[in-house]
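Chains A and B supply the protein sequences, listed in that same order.
Position one of the first sequence corresponds to residue 1 (UniProt numbering), numbered consecutively onward.
Position one of the second sequence corresponds to residue 1 (UniProt numbering), numbered consecutively onward.
Any given hint could turn out to be false.
Unchecked claim - Pairwise CB distance ranges (calculated):
1) B/K267 - A/A176: 51 to 57 Å
2) B/K149 - A/D226: 38 to 44 Å
3) A/D25 - B/K228: 28 to 34 Å
4) A/A40 - B/S307: 40 to 46 Å
5) B/G32 - A/D276: 40 to 46 Å
6) A/R175 - B/E333: 37 to 43 Å
7) A/P205 - B/E225: 46 to 52 Å
What the hints assert, rightly or not - Facing chain A, from chain B, some residues (calculated, C-beta under 10 Å):
8) K53
9) I118
10) R175
11) K186
12) V187
13) I229
14) V233
15) S304
16) L335
No wet-lab data here; the hints were simulated from the structure.
C-beta atoms are modelled at their ideal positions from N, C-alpha and C, and glycine is treated no differently.
2 protein chains.
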Amino acid sequence: MSHEPVVAIVGVTGAVGAEFIATMDRRHFPVGKLKALASARSAGKTIDFRGEKIVIEELTEKSFEGVDIALFSAGGGISRKFAPAAVKAGAVVVDNSSAFRMDPNVPLVIPEINAGRIRDHKGIIANPNCSAITALVPLWPIHRQNRIKRMIVSTYQAASGAGAAAMEELVESTRAYLDGRPFTPKVIPLPYAFNVFSHNTAIDPETGYNDEETKVIKETRKIFEDDKIAIGVTCVRVPVLRAHCEAITFECEKPITEDEVRAILSKAPGVKIVDDRAKNYFPMPIDASGQDDVLVGRIRKDLSDASGHSISMFVSADQLLKGAALNAIQIAELLPQRAMA
Amino acid sequence: MSHEPVVAIVGVTGAVGAEFIATMDRRHFPVGKLKALASARSAGKTIDFRGEKIVIEELTEKSFEGVDIALFSAGGGISRKFAPAAVKAGAVVVDNSSAFRMDPNVPLVIPEINAGRIRDHKGIIANPNCSAITALVPLWPIHRQNRIKRMIVSTYQAASGAGAAAMEELVESTRAYLDGRPFTPKVIPLPYAFNVFSHNTAIDPETGYNDEETKVIKETRKIFEDDKIAIGVTCVRVPVLRAHCEAITFECEKPITEDEVRAILSKAPGVKIVDDRAKNYFPMPIDASGQDDVLVGRIRKDLSDASGHSISMFVSADQLLKGAALNAIQIAELLPQRAMA
C-alpha cells in the first residue's frame with residue numbers, strides 16, 4: 001500500500017500559499033495529510049482543502065514531525081530559520097524564498113530546464129526568482145540549440161511578487177485615486193495607482209543593480225550552468241495584479257532567425273506562443289493570469305544587431321503560478337517522497 | 001509696434017490641445033489672437049484663454065487666413081488634409097502628427113538637439129514622436145561626446161499617447177474592474193485596467209515591428225543626422241495616465257562610465273537626474289507628470305557588456321508636455337513669427 005505524503009505549507013495564508021493549495025488540487029497532487037502553517041496571528045483560523053477544514057497551526061521548529069514535503073513561501077527569514085528544522089525532521093523542503101538559491105549544495109530548479117538536478121538535493125530544493133523563471137523557460141530550449149551569450153531584459157512586474165498585501169494595496173490605492181481620496185501606502189513605499197517604479201528592492205551601491213536584477217543574473221547562470229552568459233536587466237513594477245511581462249533581447253553564438261525561434265518554442269514545454277501580428281495580439285498579463293504556460297510573442301529580429309545573431313521577444317507569465325507555486329509543485333511532483341512505498 | 005502672432009490650434013479639444021493652451025499660458029507665449037479649431041462636433045463650444053472665452057470654430061481650409069502659427073494635433077489625416085492650406089495662407093505649421101516627420105523637406109525638431117534646423121522649414125516643422133523625444137533628450141548630449149552606435153529601448157507608455165478618450169477609458173475600465181462591472185472598450189481594443197499590452201499600432205508584417213517602434217528608429221536617425229545608429233525597440237502600453245517611461249541600454253563608440261554620463265546629464269538642457277540609490281528613488285510617471293524635464297535615473301554600467309562601452313538607464317517624461325505640446329511650443333518660440341515687427 002502506498003503512503004501518500006504528508007505535506008506542510010509554510011505561509012499558507014499568503015498569495016503563494018493559496019496557489020499551493022489550488023495548484024495541488026488542480027493537479028491531483030497526492031496528499032496524505034496537509035499541515036497548514038503560518039504565524040501565530042493566523043493560528044486557529046481554517047482553510048479549505050479537498051472538502052475538509054484544515055486548522056492553521058503556528059509554525060514552530062516542531063511543526064515538521066512526520067512531514068514528507070514542506071513547501072515554504074513566507075520570506076527568506078522564515079526559510080533560513082525553519083527549513084533546517086524541517087530537513088532535520090526528514091522532510092524535503094521546496095523553498096520559494098531566495099534564502100538558499102545560491103547555496104552550492106542546493107539545487108535551483110525549473111523542471112523544464114534542469115529536473116535532473118533535483119536528485120542532488122540534501123534536503124532543500126530552491127524555487128527560482130519569478131522574473132528568472134519567466135525569462136528562462138522560453139530561453140532555455142533556444143540556448144540548448146544555439147548558446148545565448150548575451151541578454152538584455154526589461155521587466156514589467158506585477159504587485160503579486162510583493163505578496164497579497166501589495167496586491168490589496170494596488171487595488172485600494174487605485175480605488176482611492178479614482179475617488180479622489182488620499183492614500184497612505186503601508187507595503188510599497190511609493191504611489192502605486194497608475195504609476196510605474198523601479199523594483200522596490202535594495203540597490204547594490206557598487207553596481208547600481210537592485211536585488212531583483214542581481215537575482216536574475218546569478219540565478220540564470222546557476223540554472224543554465226553557464227557562468228559566462230552576459231546579462232543586463234532592469235526590473236520595474238507596473239500596476240498589474242499577478243502576471244509579469246518581460247521585453248527580452250538576446251544574442252546567440254551562431255546566427256538565428258525568428259522562424260527558428262518560433263519552431264523551437266512551438267515544441268517547448270511550458271511555453272505557449274501568442275504572436276498574432278495581423279490582430280496585434282501578443283502576451284498580456286491579463287491572459288497569462290491563471291495560466292501555467294509562459295506566453296511568448298513579438299518574436300522578431302533585433303534590428304539593432306545587423307549580424308543576425310539577435311532576437312527580441314515579449315513574454316508574460318503568472319507570477320503566482322509558474323513564477324512561484326506551480327514551479328514548486330512541479331518540483332514536488334518529481335520527488336520520490338511524492339508516493340512512497 | 002510689434003505684432004503679436006495670430007495662433008491657430010487644430011485639435012483644441014484634445015489632450016494635447018489642452019496642453020498647448022496651458023503651456024502657452026505658463027510660458028507667456030505672445031498671442032495676438034487665438035483661433036480654436038476642431039471638428040464640426042465641437043464648433044460653437046468655448047474654451048478659456050487668458051480670461052477670455054474663445055468660441056471653437058470648425059476646421060476648414062479657410063480657417064487659416066491671417067494665421068501666423070498653426071499648431072496641429074488632430075492626427076495624421078487632419079494634418080495631411082489641412083496643413084497645406086495653412087501653409088498656403090502664410091502660416092507656419094508646427095505639426096504634432098507623424099504625417100510629415102520623415103519628409104526630407106520638413107525639419108523634425110527637438111529644440112535641445114537641433115533647433116538650428118527650424119530655419120530650413122518650408123512652412124511645416126514636425127514635432128517628433130513622444131517615445132523618441134523621451135529617449136533622445138538625454139541621449140543627445142552623450143551622443144555628441146561619445147557617439148552612440150547601438151541602443152535597445154523598452155517603453156512603458158501611458159494612455160495619453162492615444163488621446164484624451166484613451167485616458168478616460170483607462171479610468172473608466174479600471175473603475176468598472178474594481179466594481180466588478182463588465183466594460184466594453186471603445187478606444188483601445190484590449191482590456192486596459194491592470195493590464196499591459198504591446199503598443200496598439202499596426203505591425204509591419206516584414207519586420208514584426210509596430211509603427212511606434214518604426215517611428216523611434218527612423219526619427220532618431222533623422223534627428224541625430226546619423227543613419228547608422230542601430231536601434232532595437234519594444235513599445236508597450238502600461239496602465240498609466242500621462243507620462244512615459246523607458247528602459248534604455250546604449251553602447252558608445254568609446255568606453256564610457258556612469259560617472260561620465262552623470263556629469264554630462266547634470267548639465268544637459270531638459271534633463272533632470274533623479275537617481276537616489278540609497279532611497280530607491282528613481283524616475284516615475286507620477287513625478288514626471290506636469291514636469292517639463294525628462295527625468296533620468298538608474299544610471300549604471302550595462303553588466304551585459306564587459307567592454308565598458310554600454311550604459312543602462314531609466315527615464316520618464318510627460319507625454320503630453322515634452323512628448324507633445326511643450327516641444328511644439330518650444331519650436332514655436334523659436335520662430336521669427338513669434339513677434340513680428
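Hints, one by one, checked against the model:
Checked against the hint of 51 to 57 Å, the C-beta distance between B/K267 and A/A176 comes to roughly 39 Å, which is inconsistent with it. Checked against the given bound of 38 to 44 Å, the beta carbons of B/K149 and A/D226, roughly 27 Å apart, lie outside it. For A/D25 and B/K228, the hinted distance range of 28 to 34 Å is not satisfied, since their beta carbons lie about 57 Å from each other. The hinted window of 40 to 46 Å between A/A40 and B/S307 is violated, with their beta carbons roughly 54 Å apart.
Between B/G32 and A/D276, the C-beta spacing of about 52 Å breaks the proposed range 40 to 46 Å. For the pair A/R175 and B/E333, the supplied restraint of 37 to 43 Å holds, since their beta-carbon distance comes to about 41 Å. The hinted range of 46 to 52 Å is not satisfied by A/P205 and B/E225, whose Cβ atoms lie roughly 38 Å apart. A distance limit of 10 Å between C-beta atoms decides the matter here; for B/K53 the minimum to chain A is near 27 Å, and the interface restraint is violated.
Nearest Cβ of chain A to the Cβ of B/I118: about 30 Å, over the 10 Å cut. The hint is violated. For the restraint placing B/R175 at the interface with chain A, the shortest Cβ-Cβ distance is roughly 5 Å, inside the 10 Å limit, so the hint holds. Interface hint status for B/K186: violated, as the beta-carbon distance to the closest one in chain A is roughly 16 Å, over 10 Å. Of the supplied interface hints, the one on B/V187 is violated, with its beta-carbon coming no nearer than about 14 Å to a beta-carbon of chain A, more than 10 Å.
Look at B/I229: its Cβ gets to within about 9 Å of chain A, closer than 10 Å, so that hint holds up. At its closest, the beta carbon of B/V233 sits 8 Å from a beta carbon of chain A; the interface hint therefore holds under the 10 Å criterion. Checking B/S304 against chain A by beta carbon gives a least distance of about 3 Å; that is within 10 Å, so the hint holds. With 10 Å as the threshold, the beta carbon of B/L335 stays out of range of chain A, its nearest partner Cβ sitting at about 35 Å, so the hint is violated.
Taken one by one, the earlier hints fail for this structure at numbers 1, 2, 3, 4, 5, 7, 8, 9, 11, 12 and 16, listed in ascending order.
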